[in-house]
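These protein sequence lines map, in sequence, to chains V and W.
Take 1 as the starting number for the first sequence in my numbering and just add one per residue.
Take 530 as the starting number for the second sequence in my numbering and just add one per residue.
Fair warning: there could be bad hints in the mix.
[Unchecked claim] The calculated DSS-like cross-link candidates involving lysine-lysine, where the alpha carbons are at most 27 angstroms apart (straight line), are:
hint	chain 1	residue 1	chain 2	residue 2
1	V	Lys-527	V	Lys-510
2	V	Lys-300	V	Lys-510
3	W	Lys-614	V	Lys-527
4	V	Lys-279	V	Lys-300
5	W	Lys-614	V	Lys-120
6	V	Lys-527	V	Lys-229
7	W	Lys-687	V	Lys-208
8	W	Lys-687	V	Lys-510
9	W	Lys-697	V	Lys-208
10	V	Lys-484	W	Lys-614
No lab work stands behind these hints: they were computed from the structure.
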Amino acid sequence: MLTKSFCSNLLKPTMLALALGTVSGAAVQAQTITAVMHAPLRAVDPVISTAYILRNFGYMIYDTPLALDSAGTPQPQMASWEVSEDGKTYTFTLRDGLTFHDGAPVTAEDVVASVTRWSKVDKTGQVMASLMTEMVAVDDKTWTMTFGEPTGIALIALSKPSGLAPFIMPASVAATPVSEPITSTIGSGPFKFVEEDYRPGVSATFAKFEEYVPREEPSDGMAGAKVVKVDEVVWTTMPDPMTSLNALMSGEIDFLEQTPHDLLPVIEGNPDISTRQVKKQGSQNLVRMNHTLPPFDNPKYREAVLLALGQQPMLDAQVGAGSDYSQACAAVFGCGSIYNYDYRADDIMNAHPEEAKAILDEVGYDGTPILLMHATDLATLNPQGPVIAAQLRDAGFTVDMVSMDWASVVARRASKATLADGGWNMFSTTNVLPDVANPIGFIGVAAGGDSAWFGWPDVPEIEELRMAIAQTADVDQQIEYAKKIDELVIDNGVMVPMGELFNVNAYSSKLTGLVESEAPVFWNVEKAE
Amino acid sequence: MLSFVVKRVLSAVPVLFMVAVIVFMVLRLSPGDPAVMIAGPNATSEQLADLRESMGLNRPLLEQLVIWLGDIGRGDFGTSLVSGKPVTELVMDRLWPTLALSTTTIILAVAVALPLGVIAAWQQGKWLDRLVMAGSVVGFSVPVFIIGYVMILIFARKLGWFPVQGYKPIADGFGEFASRLVLPSIALSFPYIALIARIVRTNVIEVMGEDYIRTARAKGQTERGVMTEHALRNAAVPIVTIIGVSIAMLISGVVVTESVFNIPGLGRLVLEAVLARDYTVIQAVILLFSTIYVFINLSVDLLYGLFDPRIRY
Chain V
1 MLTKSFCSNL LKPTMLALAL GTVSGAAVQA QTITAVMHAP LRAVDPVIST
51 AYILRNFGYM IYDTPLALDS AGTPQPQMAS WEVSEDGKTY TFTLRDGLTF
101 HDGAPVTAED VVASVTRWSK VDKTGQVMAS LMTEMVAVDD KTWTMTFGEP
151 TGIALIALSK PSGLAPFIMP ASVAATPVSE PITSTIGSGP FKFVEEDYRP
201 GVSATFAKFE EYVPREEPSD GMAGAKVVKV DEVVWTTMPD PMTSLNALMS
251 GEIDFLEQTP HDLLPVIEGN PDISTRQVKK QGSQNLVRMN HTLPPFDNPK
301 YREAVLLALG QQPMLDAQVG AGSDYSQACA AVFGCGSIYN YDYRADDIMN
351 AHPEEAKAIL DEVGYDGTPI LLMHATDLAT LNPQGPVIAA QLRDAGFTVD
401 MVSMDWASVV ARRASKATLA DGGWNMFSTT NVLPDVANPI GFIGVAAGGD
451 SAWFGWPDVP EIEELRMAIA QTADVDQQIE YAKKIDELVI DNGVMVPMGE
501 LFNVNAYSSK LTGLVESEAP VFWNVEKAE
Chain W
530 MLSFVVKRVL SAVPVLFMVA VIVFMVLRLS PGDPAVMIAG PNATSEQLAD
580 LRESMGLNRP LLEQLVIWLG DIGRGDFGTS LVSGKPVTEL VMDRLWPTLA
630 LSTTTIILAV AVALPLGVIA AWQQGKWLDR LVMAGSVVGF SVPVFIIGYV
680 MILIFARKLG WFPVQGYKPI ADGFGEFASR LVLPSIALSF PYIALIARIV
730 RTNVIEVMGE DYIRTARAKG QTERGVMTEH ALRNAAVPIV TIIGVSIAML
780 ISGVVVTESV FNIPGLGRLV LEAVLARDYT VIQAVILLFS TIYVFINLSV
830 DLLYGLFDPR IRY
């Protein structure tokens, strides 16, 4: 019979030998932070895709012209600026010591080429380009941006922290058409991409870029000094959240970008693990209706949906009832933004099924099913569909909830066809709060009909106000315009805000200095031995 | 024999061709668009059209199919639509972890299941038989991910004997390689042990009732001799079949184990590719799985001749 002592005698030396192999290997290893990010890295062009993992990747190896500080104010990063007296011309000057990872100096020509490519894809960049009359490199260190009217759009755009951020790459790389993903990973950021260790979908390694010259100001949000305090950061993919958490508790990884809320009790009270709620990395739920198809081509039906839906049941389904990691919020641009606004807060935050029913009676709803697309393969989105369907049914709608993977939702939501031909009435998703807090760039409020985001709302006043925000540098004026947009978005059913949920980072207590920022970044992070 | 092998290999060509065509058509006709996935929600219709053009997705389906078949005929499986890396490189990178896991699992499963099945047959109706059969029901019924989590909890978290997760190639050292395969192999072997043990038991019991077994006993052969020289050999054909099927099932069905133990294998690659609509990767992996099935079946057929001299090709 196998006894416990037999097992111990046999296995322990073996395991010890294996462990010794590991330890002796570790003794000569560089200081490494191993991080499990929210998604695998499978591509390397951070400009043409809005996948957040590519934004995070961009912040590792690229730098941005400007950056937002913790208060959300644009600050110099690669460049400082001056504005002409008429407010129409911005002159930017690159700071000294900026070099790409291949040793070439960063020039104004690189910046102009990179911003040009980025502005073909990014909404804020597109608005900036439409207002700009000229962008030229004056010399190696200086470039100018000239606008037809006085505007603050240049600073807003060049410090945009999320979605598609204006990452600066060599001009030869930035010359790649946006229809063609770049394959170069030469940036000028604080980390270098280790090409030979890159395994798409599995792991990516970033080594400290020794030649990087940080700013002298202290780190503040995305702005200030980016000082790398470890030798390398390794992103590894773990598809199973429970495994990630076990690996963190065993010390096999150091950082977990997104901790599933239902697993947080497992690590609470563990002295080796720290957690932090990062509100800037939170998300807003939203419901989107197709304005081009019945019944939501009729504003009365959109109003009925607004009244039928309430936020708390969805948030409870996503992060658990009574959780501190979510909040009901009526503001279209998020409750943490400078555009926070409580217009029709009760209607937005709480369900009013009887009032919704009254509207449906008034318009003579005949029970034609609403086709709701339900994404099942993403943990945050999966609970949304059933909650929305239940609330709509309570209000008298007939709902046909069609479950599919996210890729199918993405493909189908682009269809303007009728339901019989593959169209849709409604879907839900999330957007990260830094994107939401940008009235110019936030796709959820764009209302230019065919040029708007899926659902194609057509509210010209909103487009005029978005442009007006871009055309003024007066923050108070921008806030006033944003409030008007908020009202128009709600009254026209452009989108329905469904509350905010916040990301939780879990990490080894050996890590200190994590930056409070819109994206997870690894500069200034120290790892104790 | 050689002509049989050649004939079987040649007959695999139309099978694989049909698989290739069906996979290609099913993928292209299913919802989803890699260009939309890559370009994101802000892309204009012109940008999407340009991206589709650069990815070759704007061409007629038949043209795309012919180009792809021509390419794979030359051994070129194309590049991933998402990562831009050669598909062959991606598949080869993920093939070794899956092969390592599958090989250790099947060796473990056969090594444990064969004696268990024989013992159960030998002790038919007695408590040992019932114990083995009850164990096989449990092994077959409990999902692998539950077994995996429990093993991680006990052997990785509590006892600290093994790493929680990950895979290291053997080039990084045998200890690193082996220590990361122990838990996933054991967890994954449970259903296969259960399956193979039951098949072994059933077939050995059937053979033990044959006249030649009675004759062997009458001639004074020991029970061990009866079992190893007569019973097992005659029961081998269905056992080899189920082991072959198990290997094929293992290679194409390890995705859950790969996820729980974070092993970057083929199962995860194909799952990620499906979710991202990375057509070229999906097509290549499915074709690889089909090829593995075809050649495992061929190997099993050839092995029949080893165990049963009456089978000749």
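Quick rundown of the hints versus the structure:
1. V/Lys-527 - V/Lys-510: Roughly 5 angstroms separates the two Cα atoms, so the pair holds.
2. V/Lys-300 - V/Lys-510: With a Cα-Cα distance of about 56 angstroms, the restraint between V/Lys-300 and V/Lys-510 is violated, given a limit of 27 angstroms.
3. W/Lys-614 - V/Lys-527: 33 angstroms, violated
4. V/Lys-279 - V/Lys-300: 34 angstroms, violated
5. W/Lys-614 - V/Lys-120: Measuring from Cα to Cα gives roughly 25 angstroms; hence the hint holds.
6. V/Lys-527 - V/Lys-229: It holds: about 8 angstroms lies between the C-alpha atoms, which stays within 27 angstroms.
7. W/Lys-687 - V/Lys-208: 35 angstroms, violated
8. W/Lys-687 - V/Lys-510: 21 angstroms, holds
9. W/Lys-697 - V/Lys-208: OK: W/Lys-697 and V/Lys-208 at ~24 angstroms, within 27 angstroms.
10. V/Lys-484 - W/Lys-614: Violated, at about 47 angstroms.
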